[in-house]
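Chains as they are written, first to last, in this note's numbering: chain F, 2 to 166; chain H, 22 to 451.
FYI, nobody ran anything at the bench for these hints, they're computed from the structure.
Idealized CB from N, CA, C, for every residue including glycine.
Misleading hints may appear alongside valid ones.
Take a look, some chain F residues computed to stay more than 10 Å from chain H by CB distance [to be verified]: (1) Y22; (2) K44; (3) Q49; (4) T54; (5) S61; (6) D76; (7) R79; (8) A94; (9) R96; (10) A106; (11) A114; (12) S142; (13) V147; (14) T152; (15) N158.
Calculated lysine-lysine pairs in the DSSO-like style (CA-CA distance at most 30 Å, straight line) [as the list claims (entries may be wrong)]: (16) H:K426 <-> H:K440; (17) F:K48 <-> H:K94; (18) F:K48 <-> H:K343; (19) H:K35 <-> H:K403; (20) H:K426 <-> H:K393; (21) H:K393 <-> F:K48; (22) H:K399 <-> H:K440; (23) F:K48 <-> H:K54; (24) H:K399 <-> H:K249; (25) F:K98 <-> F:K108; (26) H:K403 <-> H:K54; (27) H:K54 <-> H:K426; (28) H:K399 <-> H:K355; (29) H:K54 <-> H:K393; (30) H:K249 <-> H:K94; (31) F:K48 <-> H:K403; (32) H:K151 <-> F:K108; (33) H:K343 <-> H:K91; (34) H:K94 <-> H:K343; (35) F:K48 <-> H:K91; (36) H:K91 <-> H:K249.
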Amino acid sequence: MPTEPREQTPDAHAAGGEVLYSESFRIAGNDFEHGGEAAAAIKAILKQLGFPTDAIRRLSIANFEAEMNVIMYADEARMELAVLPDAVRVTVADRGKGIPDIDWAMKEGNSTATPEMRARGFGAGLGLPNIKRNSDEFSISSTVGVGTTLTYVVYANGNAEGAAR
Amino acid sequence: MIERPHAVVTDPDKCVGCVACSQACPTRAIRVKNDLAVIDDELCIDCGTCIEACRYDAIRPRTSSPADLKRFKYTVAVPSLTLYAQFGDDMHPGRILHGLRQLGFDETYDISWMCEMVAGATDAYLSESKGPWPKISVTCPAVARLIQIRYPDLIPNLVPIETPRELAARLRRRRLAAERGLDPAEIGMFFITPCTAIIHSIEAPEGLEASYLDGAFSITEVYGQLLKAIKNSPGVDSTETISPRGLRWAMAGGEISSMRNANTITVRGLRDVLYVFDRIESGVFQGLDFIEAYICPGGCVGGQLTVAGRYLAQRNIRQITKHLGDQGAVNEEKVRSLLREHFFDIESEIRARQVRPLARNLRQAIELKREKDALVEKLPHKDCAACGAPDCETLADDIVRGNAKLADCVFMRLEELEKQSTPRQGGDNA
Numbered sequence: 002m003p004t005e006p007r008e009q010t011p012d013a014h015a016a017g018g019e020v021l022y023s024e025s026f027r028i029a030g031n032d033f034e035h036g037g038e039a040a041a042a043i044k045a046i047l048k049q050l051g052f053p054t055d056a057i058r059r060l061s062i063a064n065f066e067a068e069m070n071v072i073m074y075a076d077e078a079r080m081e082l083a084v085l086p087d088a089v090r091v092t093v094a095d096r097g098k099g100i101p102d103i104d105w106a107m108k109e110g111n112s113t114a115t116p117e118m119r120a121r122g123f124g125a126g127l128g129l130p131n132i133k134r135n136s137d138e139f140s141i142s143s144t145v146g147v148g149t150t151l152t153y154v155v156y157a158n159g160n161a162e163g164a165a166r
Numbered sequence: 022m023i024e025r026p027h028a029v030v031t032d033p034d035k036c037v038g039c040v041a042c043s044q045a046c047p048t049r050a051i052r053v054k055n056d057l058a059v060i061d062d063e064l065c066i067d068c069g070t071c072i073e074a075c076r077y078d079a080i081r082p083r084t085s086s087p088a089d090l091k092r093f094k095y096t097v098a099v100p101s102l103t104l105y106a107q108f109g110d111d112m113h114p115g116r117i118l119h120g121l122r123q124l125g126f127d128e129t130y131d132i133s134w135m136c137e138m139v140a141g142a143t144d145a146y147l148s149e150s151k152g153p154w155p156k157i158s159v160t161c162p163a164v165a166r167l168i169q170i171r172y173p174d175l176i177p178n179l180v181p182i183e184t185p186r187e188l189a190a191r192l193r194r195r196r197l198a199a200e201r202g203l204d205p206a207e208i209g210m211f212f213i214t215p216c217t218a219i220i221h222s223i224e225a226p227e228g229l230e231a232s233y234l235d236g237a238f239s240i241t242e243v244y245g246q247l248l249k250a251i252k253n254s255p256g257v258d259s260t261e262t263i264s265p266r267g268l269r270w271a272m273a274g275g276e277i278s279s280m281r282n283a284n285t286i287t288v289r290g291l292r293d294v295l296y297v298f299d300r301i302e303s304g305v306f307q308g309l310d311f312i313e314a315y316i317c318p319g320g321c322v323g324g325q326l327t328v329a330g331r332y333l334a335q336r337n338i339r340q341i342t343k344h345l346g347d348q349g350a351v352n353e354e355k356v357r358s359l360l361r362e363h364f365f366d367i368e369s370e371i372r373a374r375q376v377r378p379l380a381r382n383l384r385q386a387i388e389l390k391r392e393k394d395a396l397v398e399k400l401p402h403k404d405c406a407a408c409g410a411p412d413c414e415t416l417a418d419d420i421v422r423g424n425a426k427l428a429d430c431v432f433m434r435l436e437e438l439e440k441q442s443t444p445r446q447g448g449d450n451a
């Protein structure tokens, strides 16, 4: 049963501004074979563009978590990369079952992963909190039965640890 | 020979301009221009893959010369464990060390016991470390360089423990200076190396201000003389310090074999190293504690500058350790106390070596990235390397950086010629 969209949005929007470069990647649910490829492709792009190593590292951790979340829980998603003058914004919008209780899912250790997923080393309940921790801005909205949309921003010269908490 | 700050040099007289080295290079550091392979200093990790790929003997290691020995009052040969693996027939390491001394060194210094010490120190470090996991060994300098250039995210995973060869050289140099009343600078310590990566690590070390070694001779270049010396002067030097456990470091798997921690893996060969590091970077393998990785398949016994080859060398090491017994030579409590005293610590931080982006300015870089993507689209996707770059994407990269032109591509040139020679058919679109 669909519920109202729920949001956790930070106030800060320091990373607004013109999109200088964008690219979109499709992620298919359950496609473990190609898991991590979108995150790797984005990393390669940002290296060529000369983004600072630390910003690339933090964004890559977030991207990989987000990508694996889609593969494990959703039907499919688009991962949209937007390069801004001083930051990188990624939006992951999936079609899937949605998250009924976002506050619960944002707590470390909470996970609905199956034993199979845990056997692959996932499902420690660190995914969403880890994305938030490594980004400078983070927002999530979800509609049960429709899907979840994540947006996170990493500043070129930010230092994260949940700067937008 | 073309001089460069690396251990791998090309010989213009021998290079025929084929593209084997360019295609083999893991960091895409080689371009073939005007029938000569040119190596990019910024990208080269001195792994020696190109030396193996070259059929014309046109890429050589830059080793020390016998004249270098004359610069010192007292000289020490520090053989890689791989040297012991070159002979077979149960050749005792004491005979090899004795022979090596006859080649003009004042003494030889074995490092197998230090390998066992470092294995113990790594164990202790792992039990106290808080991550990030898995930790990665710095024993193979080409692996460390690869991480600096291609996987900077993994720098915090490197174990901050100095290599056995450097620790041993430092220790021996200090003791010798004290014992013989020499200035440490008057002592010349030369590594007998199985690979180019170690030569470069002596010239331009990471994790150290300056190497404690003064140069290196390759196993291939000393082998012939050494064999003669062993025959002509059949003495046996003391092998009290030789640790059979430490000797296993010559082979991939040797480093972890004497560790207590079993949540470890060995990664062998360039291709597997890239495979595993790509995955560690993506967050896979976090459940492991330690990875020993070697660019050469089989580990150090598989180095380019060896004679026996990795298969026979493995057999030889196994025979020697069987002969000597498998006992350890090292006191565990001593290792722990040395670790607390920071004896094993690397001396300086290992830093990322950022490979140049397309442009310093973001907008310019994006402009060039778009141009590059369009070129990649246009190029034939054959990755034939006839242009001198190893593949089409690298050519596109070179073009937007102004280092190559589209006409370097034979397919593009052919297309252009066909356009010019085909008379125009009177079509509407003409």
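Quick rundown of the hints versus the structure:
The Cβ of Y22 of chain F does not lie farther than 10 Å from every Cβ of chain H; its closest approach is about 5 Å, which violates its non-interface assignment. Not every CB of chain H lies more than 10 Å from the CB of K44 of chain F, the least distance being 8 Å, so the non-interface label is violated. The claim that Q49 of chain F is not at the interface with chain H is violated, since a C-beta of that chain comes within 10 Å of its own (minimum 5 Å). Not every Cβ of chain H is farther than 10 Å from the Cβ of T54 of chain F; the closest lies at roughly 5 Å, contradicting the non-interface assignment.
The claim that S61 of chain F is not at the interface with chain H is violated, since a C-beta of that chain comes within 10 Å of its own (minimum 7 Å). With a least beta-carbon separation of about 22 Å from chain H, D76 of chain F lies farther than 10 Å from that chain, consistent with its non-interface assignment. With a least CB separation of 19 Å from chain H, R79 of chain F remains clear of the 10 Å interface cut-off, as annotated. The beta carbon of A94 of chain F is kept farther than 10 Å from every beta carbon of chain H, the shortest such distance being approximately 22 Å.
Chain H leaves R96 of chain F outside its interface by the beta-carbon criterion, the shortest separation being 24 Å against a cut-off of 10 Å. For A106 of chain F, the condition that its CB be more than 10 Å from all CB atoms of chain H holds, with the nearest at approximately 19 Å. No Cβ of chain H approaches the Cβ of A114 of chain F within 10 Å, the least distance being about 15 Å, so the stated non-interface status holds. Distance to chain H confirms S142 of chain F as a non-interface residue, since its nearest Cβ pair spans about 25 Å, more than 10 Å.
Every beta carbon of chain H lies more than 10 Å from that of V147 of chain F, the smallest distance being close to 28 Å; the non-interface claim holds. For T152 of chain F, the non-interface assignment is confirmed: its Cβ lies about 21 Å from the closest Cβ of chain H, beyond the 10 Å cut-off. Once the 10 Å rule is applied to beta carbons, N158 of chain F is consistent with being away from chain H; the minimum gap is 12 Å. For a cut-off of 30 Å, the pair hint linking K426 of chain H to K440 of chain H stands: about 19 Å separates their Cα positions.
Distance check on the hinted pair: K48 of chain F and K94 of chain H sit about 49 Å apart at the alpha-carbon level, beyond 30 Å; violated. Distance restraint check for K48 of chain F and K343 of chain H: the Cα-Cα separation of roughly 49 Å exceeds the 30 Å cut-off, and the hinted pair is therefore not satisfied. A distance of roughly 27 Å separates the Cα atoms of K35 of chain H and K403 of chain H; the hinted pair therefore holds under the 30 Å criterion. Between K426 of chain H and K393 of chain H the alpha-carbon distance is near 12 Å, which keeps this suggested pair within the 30 Å criterion.
Using a Cα cut-off of 30 Å, the hinted pair K393 of chain H and K48 of chain F holds, with the two alpha carbons roughly 14 Å apart. Between K399 of chain H and K440 of chain H the CA atoms are separated by roughly 16 Å; this keeps the pair inside 30 Å, and the hint holds. Between K48 of chain F and K54 of chain H the CA atoms are separated by roughly 27 Å; this keeps the pair inside 30 Å, and the hint holds. A hinted pair counts as satisfied when its Cα atoms are at most 30 Å apart, and K399 of chain H with K249 of chain H does not qualify at roughly 59 Å.
Between K98 of chain F and K108 of chain F, the direct Cα distance comes to roughly 19 Å. Compliance with the 30 Å bound is thereby established for this hinted pair. Proposed proximity of K403 of chain H and K54 of chain H is supported: the alpha carbons are some 19 Å apart, at most 30 Å. Restraint check for K54 of chain H and K426 of chain H: the C-alpha separation of about 12 Å stays at or below 30 Å, so the hint holds. With a C-alpha separation of about 63 Å, the suggested pair K399 of chain H and K355 of chain H falls outside the 30 Å cut-off, and the hint is violated.
Distance restraint check for K54 of chain H and K393 of chain H: the Cα-Cα separation of roughly 21 Å lies within the 30 Å cut-off, and the hinted pair is therefore satisfied. Between the alpha carbons of K249 of chain H and K94 of chain H the distance comes to roughly 26 Å, so the proposed pair stays at or under 30 Å and holds. Restraint check for K48 of chain F and K403 of chain H: satisfied, since their Cα atoms lie roughly 25 Å apart, inside the 30 Å limit. For the suggested pair K151 of chain H and K108 of chain F, the alpha carbons sit about 22 Å apart, so the restraint of at most 30 Å is met.
Straight-line distance between C-alpha atoms of K343 of chain H and K91 of chain H comes to about 39 Å, which puts the hinted pair past the 30 Å bound. Straight-line distance between C-alpha atoms of K94 of chain H and K343 of chain H comes to about 38 Å, which puts the hinted pair past the 30 Å bound. Proximity of K48 of chain F to K91 of chain H is assessed by CA-CA distance (about 47 Å); at most 30 Å being required, the pair is judged violated. Taking the CA atoms of K91 of chain H and K249 of chain H, the gap is near 22 Å; set against the 30 Å cutoff, the hint holds.
In this structure, the earlier hints numbered 1, 2, 3, 4, 5, 17, 18, 24, 28, 33, 34 and 35 are contradicted, and the remaining ones agree with it.
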